[in-house]
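**Q** What follows is the residue order along each chain.
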Amino acid sequence: MRHLLSAGDLSRDEAILVLDTAKELAQVSGRSVKKYPTLRGRTVVNLFYEDSTRTRTSFELAAKRLSADVINFSAKGSSVSKGESLKDTALTLQAMGADGVVIRHSASGAAHRLAGWVDGAVLNAGDGTHEHPTQALLDVFTMRERLGHLEGLRVAIVGDILHSRVARSNVLLLHTLGAEVTLVAPPTLLPVSVHTWPCAVSYELDEVLPKSDVVMMLRVQAERMKDAFFPTAREYSRRYGLDRERFARMQRDAIVMHPGPMVRGMEISAEVADSPRSTVTEQVTNGLSVRMAVLYLLLGGSESGIGNQEGQA
Amino acid sequence: MCAQKRAKSDVGEGSPARADLDRTRAVLEGPEIGRALTRIAHEVLERTKGGEGVTLLGIPTRGVPLARRLAERIERVEDRSVPWGSLDITMYRDDLRLAPARALGRTDIPAEGIDDRVVVLVDDVLFSGRTVRAALDALNDLGRPRAVQLATLVDRGHRQLPIRADYVGKNLPTSLRESVTVLLDEFDSRDAVLVGPAKARPAPEEEH
Chain A
0 MRHLLSAGDL SRDEAILVLD TAKELAQVSG RSVKKYPTLR GRTVVNLFYE DSTRTRTSFE
60 LAAKRLSADV INFSAKGSSV SKGESLKDTA LTLQAMGADG VVIRHSASGA AHRLAGWVDG
120 AVLNAGDGTH EHPTQALLDV FTMRERLGHL EGLRVAIVGD ILHSRVARSN VLLLHTLGAE
180 VTLVAPPTLL PVSVHTWPCA VSYELDEVLP KSDVVMMLRV QAERMKDAFF PTAREYSRRY
240 GLDRERFARM QRDAIVMHPG PMVRGMEISA EVADSPRSTV TEQVTNGLSV RMAVLYLLLG
300 GSESGIGNQE GQA
Chain B
0 MCAQKRAKSD VGEGSPARAD LDRTRAVLEG PEIGRALTRI AHEVLERTKG GEGVTLLGIP
60 TRGVPLARRL AERIERVEDR SVPWGSLDIT MYRDDLRLAP ARALGRTDIP AEGIDDRVVV
120 LVDDVLFSGR TVRAALDALN DLGRPRAVQL ATLVDRGHRQ LPIRADYVGK NLPTSLRESV
180 TVLLDEFDSR DAVLVGPAKA RPAPEEEH
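Chains as they are written, first to last, in numbering that gives the first Met the number 0: chain A, 0 to 312; chain B, 0 to 207.
The set of hints was computed from the structure by calculation and includes no laboratory data.
C-beta: ideal position from N, C-alpha, C; glycine also.
Label pairs and their computed distance ranges (CB to CB):
1. 275/A to 111/B: 25 to 33 Å
2. 82/A to 161/B: 55 to 63 Å
3. 187/B to 222/A: 56 to 64 Å
Only chain A is shown next, with the shape it has when bound in the complex (with noise of 0.2 Å):
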């Protein structure tokens, strides 16, 4: 059975699959049955150990729009709240004959480890600062709908890079697919291994703005955040928001990116944040689609058709 944990395990040829899977099983929200037959009598484990609404809906819906039977387990209110390691707990959704199992961790690597655990497919829904793959696919499905193509699209990832696990995902999937992709953040928001990553890095956002076809503002994770990486919520927002002004000096056809949840006034406007050109809520609908496309070339076939090997028994 094959995972996927990194958006970086996807080839060019498994990540255009996902894409294009992904734009036929948009259809299903116009039909007058808005389901598939398809995992009928196959069951996905929704494992949560960090909040989330967005993106557990969006796994649990997509799950049931393929008739997948769906178990949500979050953190709170479950043995993880007695004290049951990830292991223990891993070890009895593989008692149930978990089929698929989308994990969310505080922990980076979480999702790595649980795939040496279980025989079922493991979905990376957000590990720790590491990966956030099925977000990454949904960013660069939008990016295709609204743009048409993805070879050298000039992509600007904005904000908190270090605590971002939707930034790691991005370029690596971007790079794949041969985008260009500029990371823009102070200097103590960028993580130090930073140079190995197959992107541009550069702390002025005025002077990328203008020659970006994508614009992606990610959220500062205030909650990840133990020491000062930034005098004050205004100096950053001054520096690093994306306000009208700056809205104004983008190219006319570019896009504004959000994975959300957004901070309006911080790292976004709400002008900006609203205006047709801004993609937050298509993202969102784009995501059920791609997750659904994720869980059925996972758990559709004999074998799945994307992802690594790896936790294989």
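Based on these hints, arrange chain B on the given structure of chain A.
**A** Okay, now just chain B, sitting in the frame of chain A:
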């Protein structure tokens, strides 16, 4: 790319390799396929009282150009335009777990929808009947047609389900040791129906 791969296996063999071409024989050539389609177009018009409410849905890959060709012929004969589209059945297959996850084909339902229409499913080869079974399930999720009919270019027999075609281009008695390959100009730059030896395959599950 992957969709093509699937389509090829759907007609049993895909575009045969050069060595295999020597052992295959053409049972229908371009003009005969053309005449068969023209006859089917007339039969559809007869059976549906002039094509009232008819929607043609081709099953990818090779059913789709056949549906388009039928629509063109009906238009030529009766001067009535008939909506046509494609209906992918991958998500409804009964053999999904026997092979790695397959790429999906296109589903393209005409704007009229299928509610209260006479839907004519169009495919290239009718074999086990499992594809048609899947197509009927897919239609069920899309709406409620007034009636569903089936047109196929070749009926090669060996049905595994109680399904029959309403319109047949050619009945082709075959052995299970043979494969039937339909080549269409749109994909293969040639129109032909070929019969050849079956390649070693785990099961004859694939064909229609």
